[in-house]
Amino acid sequence: MSEIALRIPAARRSPLRIVVWAAILAVILALLPLVMDSYRTLQLAYGLVFAVAGLGFNVLLGYTGLLSFGHAAYFGLGAYTVAFMVKYLHVQSMELFLLGTVVSSLVVTAIFGYVCVRYTRIFFSILTLALSQVLWSLAFKFFWVTGGTDGLRVPTPRLVGIATSESEDKIQFLSHNYYYYVLVIFLLAVAVVWLIVHSPFGKALQAIRDNETRARFVGIRIRSYRFMAFLLSGVFTAIAGALWVPLNGLVTPDAMVWTFSGEIVFMSVLGGFRNFTGPIVGAIVYNFLKDFAVGATVYWQTLMGVVLIALVIALPTGIVGTAKLVAATVRRRLRS
Amino acid sequence: MSGRPTRRDFLSQLGVTAAAAIGGSVAGVGMASVAHAQEKPKGNIPDKPFKIGHMTFFTGAGAVLGEPMYKGNLLAADEINAQGGLLGKRKIEILKADEAAGTDANTKEMRRLKLAEKIDMFMGITSSGNTPALGPVAEELKLLTIFIDGCTDFLFDKAVPNPRYIFRITNIQSADGSTCALGVAHTWPNTRKVAHIHPDYSYGRNCYDHFSIVTKKLLPHAQNVSEAWPKLFSTDFTPHITKTLAAKPDLLVTSLWGGDYVAFYKQALQHGLYEKMKVATTLALGSAPQSIGKDHPEGVLSGVHANYHFSYPAGNRWPLNKAFVEKYHAKFNEYPNFQAEGAYTATHALKTAVEKANRLMGGWPDDDAIISQLEGMMQAGPGGYVYIRPDNHQGYKDAITGFSKNVPEYPFPILDPDRIITIPIRNITAPPGWPKGEPTSTYTWIDQTWPQVKAS
Amino acid sequence: MNYLETRKLTKYFGDTHAVDQVDFQIGEGEVVSLIGSNGAGKTSLVNLISGLYKPDSGQILLRGEDVTRQVVQDRIKAGIARSFQIVNLFDELTVVDNVALAVFAREGKTRWFFKLADQDHGVWDEAHELLKQFGLDAKAEQFAGGISQGERKLLDVAVACALKPRLLFLDEPTSGVSTREKAPIMDIISSIVRSLKITAVVIEHDMDIIFRYSDRIVVMHQGKILASGSPEEIRANESVKDAVFGPTHA
Amino acid sequence: MDILVIHLFNALLYASVLFLIAGGLSLIYGVMRIVNLAHGNLYALGAFITASVVGQWFAGSTSGWLFLLIPAGAVGAALLGALIEPTLLRRFYRRPEEYQLLVTFGILMVLEDLMRFIWGPYPISATSLFEKMGSLRVGDWIYPRYNLLVIAIGGLAGVFLWALIYRTKFGVLLRATSQDMRRASALGVNVNLVYVEAFTIGCFMAGLGGAIIVPGQSAVLGMGVDALVLAFIVVVVGGLGSLEGALFGALIVGVVREVAISTFPELELAVLYLIAAIVLLVRPAGLFGKTA
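Chains as they are written, first to last, in the working numbering: chain A, 1 to 336; chain B, 1 to 456; chain C, 1 to 250; chain D, 1 to 292.
Just so you know, not all the hints are guaranteed correct.
Derived EDC-like pairs (lysine to aspartate or glutamate); straight-line CA-CA distance at most 16 Å [as the list claims (entries may be wrong)]:
| no. | chain 1 | residue 1 | chain 2 | residue 2 |
| --- | --- | --- | --- | --- |
| 1 | B | Lys276 | D | Glu266 |
| 2 | C | Lys241 | C | Asp215 |
| 3 | A | Lys141 | D | Glu131 |
| 4 | B | Lys142 | A | Asp169 |
| 5 | B | Lys142 | A | Glu212 |
| 6 | C | Lys164 | C | Glu126 |
| 7 | B | Lys248 | B | Asp236 |
| 8 | B | Lys118 | A | Asp37 |
| 9 | B | Lys294 | D | Glu97 |
Here are the computed distance ranges between Cβ atoms for each label pair [said to hold, decoys possible]:
| no. | chain 1 | residue 1 | chain 2 | residue 2 | range |
| --- | --- | --- | --- | --- | --- |
| 10 | C | Ile86 | A | Ile313 | 41 to 47 Å |
| 11 | D | Arg94 | A | Val330 | 39 to 45 Å |
| 12 | B | Lys231 | A | Tyr114 | 27 to 33 Å |
| 13 | A | Phe288 | B | Asp47 | 54 to 60 Å |
| 14 | A | His176 | B | Ser372 | 28 to 34 Å |
| 15 | B | Ala82 | A | Val160 | 37 to 43 Å |
| 16 | D | Ile118 | B | Gln290 | 25 to 31 Å |
| 17 | A | Thr297 | C | Lys54 | 54 to 60 Å |
| 18 | A | Asp37 | D | Asp180 | 56 to 62 Å |
Just so you know, the hints here were simulated from the structure itself, not pulled from any lab data. Using N, Cα and C, we set each Cβ at its ideal position, and we do this for glycine too.
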């Protein structure tokens, strides 16, 4: 109860107003590369990619109330799908990569989801973790297929059918052409996920999150809704993995290991998983934060760990949740 | 059968020698690069520091290799800075970065170092999983790079087949397995039953593959009787030892290294493993020489990454090594390993390249000038000459291995100075122009070009 | 024909016979109170009929049709809804969302992915209308977790009513509420149930409420039905007095 | 025949250490309903402390008294546990799981660095004790006596814990708190004290697991994260919160690993995750667990 008292229900705003805000934000994101150096733009591209993963992850945690500690598996699955399409099918088109990722992640999340959604709470977390480690150990073990720890390389993809010449500066490509590509996919993902969580289906997920028994007794088939949420969540996270590969240039089993799943959780909580924008903000901030920590000290793990502990103790609602609370308090003060 | 050479003929054809080695390649040529190091540089040299981004394992189990690498880089930088820096003007400044942050974070960090910290050069890398990830990134960034290790063949076979900005100084991974197998063929030609214990990642598999292909050619009667693949950084090898003992082999081949090998040999001793079979290793004495105790059996074929052990070349025979080992020990209170030697040599190779380029053109040389000097360079380092092949930017140094022996001077075993085995590296790695193959080009090259020796 | 009928319905928990061969009937439009001491099996019986528990044996017939094996969602479609003794709400949704969700679910709209829930005006108008009837409209935009206990009890019933049930189970609709608030809550609930002609089963402990609002009273004791009859009949029944109110309650 | 005995010893050796780690994890979950992701690091801490006390401080000594110093690591881990439970973890018991998991994930990151800060990057061990005990002859085989000591300690720890939980007054309090914290509290049990004691015992077990391996194996950075995943497999197989489950889970994992290594070396790693996944499919709460 006390945590509920801390929060304010989101006011019902007209979709028009939200579209206007989103458009302003999109324009800012589109203009940033013009004022930032290519390094920061790249960082932002990473941030947007992880934001897509965070959006997907949060369909489960924030909206369905299921904490997956195995989402790295789907992220890595997307990445490996792209690498396999390059290696075995000689595909170069980014659109085909994304399509392939959607298909492969649907298959795998359908299997994992079927198993996992029968459980909740810590059992769900541990089951997702164990299953993700199965995928990880396969990527690790079947080196003749996956390259083992060497991983698989992914060359510069074709974007909307346009090939980039070999001579073109890769950094230039990544921080401009590819950045905008990522931005478009990111905006699409935001729009689609926003629509879904604000649809009657999304309301049903939140109902299940809040009270499983009651949700059953208004006639919602809990398991099939959880299963759908699991699919959506896995597919978006896999899309993020597919977008990430060209940035990173290579995929190794590291992209599937359970501690990376922990980082995805970290990002969402950092931003605030009970807000739609929380994981987006969290992913971008986390990305810059980790980058700063690794550059600043060899004890970067301590730095990140302390940030995490401080966060869950002092700011449980994350950056966005806290900002909303502060804004509301200020507004109340001004009014009185 | 007339076309088939005998094993002995073929081994000598390869140049595998085992002796109280004088170090053929080492003698005579001397200290050329050191001798004329202090010429006055030409032209105007800026005095801003020369920044090297050094990424290696500072945390996690890999730090056992990472720390010495950094120390080698540091020692060389201190020496150069004591003379005023590169060309007497530009002091070397090293920025540390932790390789243990993960492949993905490493890629980002390399970009940050170049784009945000504006480093002039990148060095380091221990894991063979990371060079194929970072090599292409360095090329994209146009970042002058010398990888110290990360020795996978995959880097120049596939990931960056035509390198421009990246170099690698230590030997190639495939040389480890091949050198070990040649050592076995040379020393224990009657080996029939072979057991394997390798860490379950690319290095272990690479050693297994190349050991197997060489023994297929040279020891046609040898067969595998057992394989075990413990996870990297395991600490309990008891079941693997049991499995090996149960197979009753003549020889155990292992590519365990670092803490894994230490734990392994301690446990194997209590199982009496060393008394029941010969043991051949690829990296036993390589990772941290002082970590092996005197209880380690003598006469084990002890690999040093086919690359460097501080006890060779010994004594005054090669003053560069004597001076390096003494300075390193004085500064860090430990003995250098191949990583330290590699980083040290790489830093001095940079100095040589910068100086040569300056003599040609004057002023501070641009990256292209430095690269053209590095290509084809013959650099004298503590471990002997390293030749940087111009086509694939890989450092070539004669492979060495030897046999563990306890001597009074050191509180740990070293390579038996009377039985060092050296092999010219060009004889065990694929030559320029050889088509890229699976699992490595060297593997297909050995498979297709080495003769099957007469069974003896 | 009875609207709902159970035949030898039985549920064990270990050695306890929570519900023991119960034959329970209710006619259409009837408002029945289910009484009995704690552990008599009232809530278990409701849980069996509403589908929360699976019975060990016996049958449940709704309008003559066997629904024993049906899952909860199908029973809801058939018109059975319920409220809960310990309030079961979607605490982190707003009050109006709680009701609207039931409406969406009833209309099968929760399967819609790509339609904004907020834009479905028909649903929201209905939800607000229902909240008005329950006197909760002023709280519509607050979190359900943040309103008073009495309001939560009402909202729990409102959510059930939003399903347009034909048969409604109310499990202690006034428990945990101060005595002063009980009557107003029951007045609201009763007027809605009567006006919509919903068949209702109410579990209650407060005898004043029971006698005031029920057509018929069913008494349970140790998993069995002890008696059934009009409020007057039950008031006069000696065995009920002993079982339910204890021998001292004379 | 002899080789079967050796295989059995190997499986028991592995199982003993796993039981100590997973048993602690399970005990803590059973009482406090919190899954401590930093649990593996307490195991690593135990290993590092004992290795540095026995292997470094008393490096030259050959005294038999050194055996008594082995539990130093367990004590160190227990002290750390007694410190972090009341200061950090306690405030999270009423909070949702994601926060519990994340705070322990944060502790994991900090501890990982702390050990590197204190002990540096190189593996350390305390092999003098391992060598001192020598080997035992089993038919044609010889086997390190120390490994048998580890098995014995694992077994004794199991018996001791069983007695503690089912035969002492503290055990009654522990079980009461575990079943219904509120009721126990209402009955006058000092719940906070029980929590800190249970957590300390759990950490002691993990630390002991680390401490007893360093004479025969070594303390390396990163060992904690690996151990945690293995402990997860054990509790998933045995049932989270069940001590019997941890014991059987550890035995199953020990035996399966031994069989896998000697028959399908390629599957050494994957087979453990697969067992966990299969058990979860069939019995989600584990072989000995109760579903909530």
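Verification of the hints:
1. Lys276/B - Glu266/D: violated, 25 Å
2. Lys241/C - Asp215/C: Roughly 19 Å between the alpha carbons, so the hint for lysine 241/C and aspartate 215/C is violated.
3. Lys141/A - Glu131/D: Outside the cut-off at roughly 35 Å; violated.
4. Lys142/B - Asp169/A: Holds: lysine 142/B and aspartate 169/A sit about 9 Å apart, inside 16 Å.
5. Lys142/B - Glu212/A: This hinted pair is violated, its Cα atoms lying about 56 Å apart.
6. Lys164/C - Glu126/C: Given pair lysine 164/C, glutamate 126/C holds - Cα atoms ~11 Å apart, limit 16 Å.
7. Lys248/B - Asp236/B: violated, 21 Å
8. Lys118/B - Asp37/A: Between lysine 118/B and aspartate 37/A the Cα gap is close to 12 Å, so the pair holds against 16 Å.
9. Lys294/B - Glu97/D: violated, 51 Å
10. Ile86/C - Ile313/A: 41 to 47 Å: violated, 31 Å
11. Arg94/D - Val330/A: 39 to 45 Å: violated, 29 Å
12. Lys231/B - Tyr114/A: 27 to 33 Å: holds, 30 Å
13. Phe288/A - Asp47/B: 54 to 60 Å: violated, 33 Å
14. His176/A - Ser372/B: 28 to 34 Å: With Cβ atoms ~31 Å apart, the hint holds.
15. Ala82/B - Val160/A: 37 to 43 Å: violated, 56 Å
16. Ile118/D - Gln290/B: 25 to 31 Å: Since isoleucine 118/D and glutamine 290/B have Cβ atoms about 20 Å apart, the given range 25 to 31 Å is violated.
17. Thr297/A - Lys54/C: 54 to 60 Å: At 58 Å between Cβs, range holds.
18. Asp37/A - Asp180/D: 56 to 62 Å: Check passed, 59 Å falls within 56 to 62 Å.
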